[in-house]
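Got two chains here, separate frames each, mind docking them using the hints?
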Amino acid sequence: DGGITQSPKYLFRKEGQNVTLSCEQNLNHDAMYWYRQDPGQGLRLIYYSQIVNDFQKGDIAEGYSVSREKKESFPLTVTSAQKNPTAFYLCATTGGRVTEAFFGQGTRLTVV
Amino acid sequence: SQQGEEDPQALSIQEGENATMNCSYKTSINNLQWYRQNSGRGLVHLILIRSNEREKHSGRLRVTLDTSKKSSSLLITASRAADTASYFCATAYYNQGGKLIFGQGTELSVKP
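Heads up: the protein sequence lines correspond to chains D and X, in order.
According to my numbering, the first sequence is numbered sequentially starting from 28.
According to my numbering, the second sequence is numbered sequentially starting from 31.
Looking at chain X on its own, in the form it has when it is part of the complex (with noise of 0.2 Å):
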């Protein structure tokens, strides 16, 4: 399996502070991207970044991306309890027919 993995597992933070959660992959990848489930939901596409970029900014969303490492953080500044949710990385790979992978998830919990 090409399933990568994510940490931490669960986070709990306060409102106001920044939550950060890493993502590691196996093989080497297209894109990589981020999404956000809430509870018993589809995911919604949070960003992208592109192998050949090494961080992207999207409103309070910090995105790394270290190929070398074969891993990836997703910052989220000045946390709000409307952040609560899972989050997950997907990995994509063009020369694969397109697949397109998803990690294990980080739960978030902000606490207001």
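With the rest of the complex left out, here is chain D (with noise of 0.2 Å):
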């Protein structure tokens, strides 16, 4: 099947804890995305990445780090740095010219 798969479906973090999740693609697209969602507001833009190798910031990078070694492969790491981290994070990917993206289930976290 293709598609996108995010994991875990759930986290739970300590504070000052660093926590990394994961989202893989085998639709062979070159563009990945990362959002955060708060309760009942809109995605917010934290990372994105054309190529391998290669990322941009969004509008909330503060306190995220990403990497995109392979294509298949885009791990967001929620450093201690972020200090309201609890959030839903979806994951995306879509073809050339940015047309229709497709997103994993989405990982909630949760600061405990």
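No wet-lab data here; the hints were simulated from the structure.
Fair warning: this is a prediction, and the values are worked out from it, not measured in the lab.
Glycine included, each C-beta is placed from N, C-alpha and C at the ideal position.
Don't take each hint at face value.
SDA-like, lysine to any residue: derived pairs with alpha carbons at most 20 Å apart [said to hold, decoys possible]: (1) D/Lys84 with X/Gln33; (2) X/Lys56 with D/Asp86; (3) D/Lys36 with X/Ser69; (4) D/Lys36 with X/Asn68.
Quick list of simulated restraints, FRET-style, between CB atoms [what the hints assert, rightly or not]: (5) D/Lys41 with X/Arg80: 21 to 27 Å; (6) X/Ser58 with D/Glu127: 17 to 23 Å; (7) X/Asn48 with D/Asp86: 29 to 35 Å; (8) X/Glu47 with D/Glu127: 24 to 30 Å; (9) D/Gly90 with X/Val74: 26 to 32 Å; (10) D/Val79 with X/Lys86: 30 to 36 Å; (11) D/Thr113 with X/Asp37: 23 to 29 Å; (12) X/Lys56 with D/Gly90: 22 to 28 Å; (13) X/His87 with D/Ser34: 36 to 42 Å; (14) X/Gly89 with D/Asp86: 31 to 37 Å.
Okay, structure coming up:
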């Protein structure tokens, strides 16, 4: 099955810890994106990448880091510098010229 | 931030009625897309309209785009209870490394 997979579905983080969210796609798409969604809110762009070994900051990159070592994978690390990390995180991928985006099912991160 | 606005934030209608949602954006785009999200899930692509198009149809969906006003609307005709979801517009920017920015969303409730 072609698609995009996020894991884990639920993640709990203690104060001061870094955590990494996984995003894998087998659609052979070049572009990948990370968004944060807070309750009742829209999606805010954290980071995006159009090509392996290159990525750009979105509107709310502070406290987050990413890597793009493989075309299929775009992991997001939520660092201890992110003061309010509790949110729903969504990964997406698009084909050429920013056409239809395919989304993963999301990871719900909670700070305990 | 390039994040646009959507209105209304919430819309409640009866089955069979039409639902109209509006989206405004701030800078010139390459295309505009509409997505649907059921609670706690990833987003699903509905329709894409390019910057040189003015209207597009897909089943019960009709999208218009007015680049002079930097606005778009999504019309869902003959709504059904199953249309209950949040709807988001997204604007694509090729010249900014393939950025894809989402609006705040409209929460649609269709009552049987």
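How the hints compare with the structure:
For the hint pairing D/Lys84 with X/Gln33, the CA-to-CA distance comes to about 15 Å; that is within 20 Å, so the pair holds. Our distance criterion of 20 Å between C-alpha atoms is met by X/Lys56 and D/Asp86, whose separation comes to about 15 Å. Our distance criterion of 20 Å between C-alpha atoms is met by D/Lys36 and X/Ser69, whose separation comes to about 14 Å. Between D/Lys36 and X/Asn68, the direct Cα distance comes to roughly 16 Å. Compliance with the 20 Å bound is thereby established for this hinted pair.
The hint said 21 to 27 Å for the Cβ distance between D/Lys41 and X/Arg80, and at roughly 47 Å that hint is violated. The hinted range of 17 to 23 Å is satisfied by X/Ser58 and D/Glu127, whose Cβ atoms lie roughly 21 Å apart. Judged by the Cβ atoms, the range 29 to 35 Å given for X/Asn48 and D/Asp86 holds: they are separated by roughly 33 Å. A hinted range of 24 to 30 Å for the beta carbons of X/Glu47 and D/Glu127 is consistent with their spacing of about 28 Å.
Against the hinted window of 26 to 32 Å, the Cβ-Cβ separation of D/Gly90 and X/Val74 comes to about 29 Å, which satisfies the hint. Checked against the hint of 30 to 36 Å, the pair D/Val79 and X/Lys86 passes, with Cβ atoms roughly 33 Å apart. The hinted window of 23 to 29 Å between D/Thr113 and X/Asp37 holds, with their beta carbons roughly 28 Å apart. Checked against the given bound of 22 to 28 Å, the beta carbons of X/Lys56 and D/Gly90, roughly 25 Å apart, stay inside it.
Between X/His87 and D/Ser34 the beta carbons are some 37 Å apart, a value that agrees with the proposed interval 36 to 42 Å. Under the hint 31 to 37 Å, the C-beta atoms of X/Gly89 and D/Asp86, about 33 Å apart, fit the expected range.
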